[in-house]
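Taken in order, these protein sequences are the chains called L and C.
Per our numbering, the very first residue in the first sequence carries number 1; after that it's consecutive.
Per our numbering, the very first residue in the second sequence carries number 1; after that it's consecutive.
Don't read these hints as lab results, they were simulated from the structure.
Small disclaimer: the values here were computed from a predicted structure and weren't measured.
Any given hint could turn out to be false.
To be verified - Capping the alpha-carbon separation at 27 Å, the derived lysine-lysine pairs in DSS-like fashion look like this:
hint: 1; chain 1: L; residue 1: Lys210; chain 2: L; residue 2: Lys15
hint: 2; chain 1: L; residue 1: Lys73; chain 2: L; residue 2: Lys15
hint: 3; chain 1: L; residue 1: Lys210; chain 2: L; residue 2: Lys177
hint: 4; chain 1: C; residue 1: Lys7; chain 2: L; residue 2: Lys133
hint: 5; chain 1: L; residue 1: Lys15; chain 2: L; residue 2: Lys39
hint: 6; chain 1: C; residue 1: Lys7; chain 2: L; residue 2: Lys140
hint: 7; chain 1: L; residue 1: Lys73; chain 2: C; residue 2: Lys215
hint: 8; chain 1: L; residue 1: Lys133; chain 2: L; residue 2: Lys177
hint: 9; chain 1: L; residue 1: Lys73; chain 2: L; residue 2: Lys210
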Amino acid sequence: MAELFSRMGDSTPIKAHIEISDLAMSRGGMPLFAGISTKVLNGDILWIQGDNGIGKTTFLGALAGLHMVDDGKISWRINDHPCQAGQITAYQPHASYAKPALTAREDLNFWASLYGTLTLAETALETVGLSTKTNVPTRKLSAGQRRRLALAKLVISQKPIWIMDEPAAAMDQDGLKLIDDLVRNHVARGGAAIIASHSPARVLSQATRKLTLRATS
Amino acid sequence: MIWSLIKRDLILAMRSGGTWLYGLFFFAVFIALCAIALGGAFNVMRPFAPAIIWLAVIFSAMLSFPAIFQSDFEDGNLAQLKISGQSLLGVCTAKAVSFATLSILPLILAAPLAAILFDMSSVSIAAVMLSIGFATPALAIYGLLAGAILAGRQGGGFLIVLITTPFLIPILIFGVEATQSYVQSGLGAVEFRVLIGLSLISIAVGLPAASAALKANLE
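With the hints as constraints, model all of the structure from the sequences given.
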């Protein structure tokens with residue numbers, strides 16, 4: 001872990017933030033939630049909580065720039081200048097997006113080559129505990145191991161704001177600690193994380209907050 | 001990034017258990033069935049041969065169109081490509097190149113085998129291969145456009161045929177004409193210039209349209 005983050009340098013050079021004002025969203029014509037306003041800055045951890053079907057995934061997708069919003073506004077900013085969502089966010093969806101026929105190393109290297117961080121890929125695999133599985137096709141990895149691979153992709157993206165959808169699902173005790181450590185290190189060097197989770201929110205930095213989504217009545 | 005995506009798609013195709021060859025099988029079966037239906041006499045079949053090979057190419061390409069974006073759309077890779085800040089135009093370009101390599105190139109290479117079945121002259125064989133080759137960008141890009149428009153929609157396969165048909169008609173007309181005029185005028189035949197023109201138009205118009213359609217479907 002220490003080696004991985006030291007290779008990435010001391011701090012993230014980008015001052016990034018996401019501002020959400022009076023956001024309302026729906027899914028398939030059904031309203032989910034409304035009136036969400038918050039701000040995520042460097043160093044923040046925001047836990048998103050709420051019942052099943054409340055729209056946590058839709059909310060995170062919107063923060064990653066994948067969905068249109070019904071009402072309100074989400075703005076992504078670098079050094080207070082508006083930017084595209086993809087410039088500052090990395091998104092770990094609930095389902096694995098590893099290609100089943102590629103090995104863990106090939107799959108990670110593909111994304112690393114897009115992010116221009118091929119030098120980090122090998123260390124990232126080691127850090128998430130996949131160093132013995134690098135040549136195994138991802139279809140033969142367990143659900144937890146695929147989640148670890150997705151974590152490695154978050155790290156190598158080098159994006160300041162991580163958006164994580166239920167990262168703890170299918171993870172063992174060791175994996176839960178890994179998530180906490182990665183997030184803690186990321187935030188310590190100036191990153192931020194937005195995490196949807198059913199487990200109780202854990203304080204991983206001084207600026208840890210909780211946002212509970214509630215259905216529109 | 002374009003090269004990384006092409007490389008990944010080629011590796012995935014090689015490990016897909018031969019699904020990338022379905023188009024080629026279909027091409028071979030279609031030509032064999034046409035030969036049977038026409039009675040098998042060389043002097044009857046020879047004039048129809050270029051048209052039959054061209055039809056086989058068009059149908060085989062149509063069969064492969066729906067797969068261009070399907071798996072990447074369903075497993076979330078396209079969404080990740082979009083939010084990783086990659087240009088969708090680059091993604092479409094990479095997809096067009098890998099489609100041309102995996103789905104059209106095998107047909108061009110198999111065309112001489114089909115030509116033996118129809119007892120075509122070596123000049124006509126060259127003409128067929130060249131005309132398909134010059135039309136490859138247009139074939140790939142219009143398929144890509146239809147695939148991008150229908151990405152993530154149920155039952156898109158049938159609509160892909162309807163959407164691509166008007167674009168493929170001029171390619172078919174000039175492709176078949178080009179093989180006939182090649183025998184007299186060689187590559188200078190005006191039909192070849194039209195084919196190249198169609199391919200250039202597809203690059204200039206079809207690629208940006210496909211990336212716009214993909215962007216709309218990813219929101």
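Unsatisfied constraints (hint numbers, rising): none
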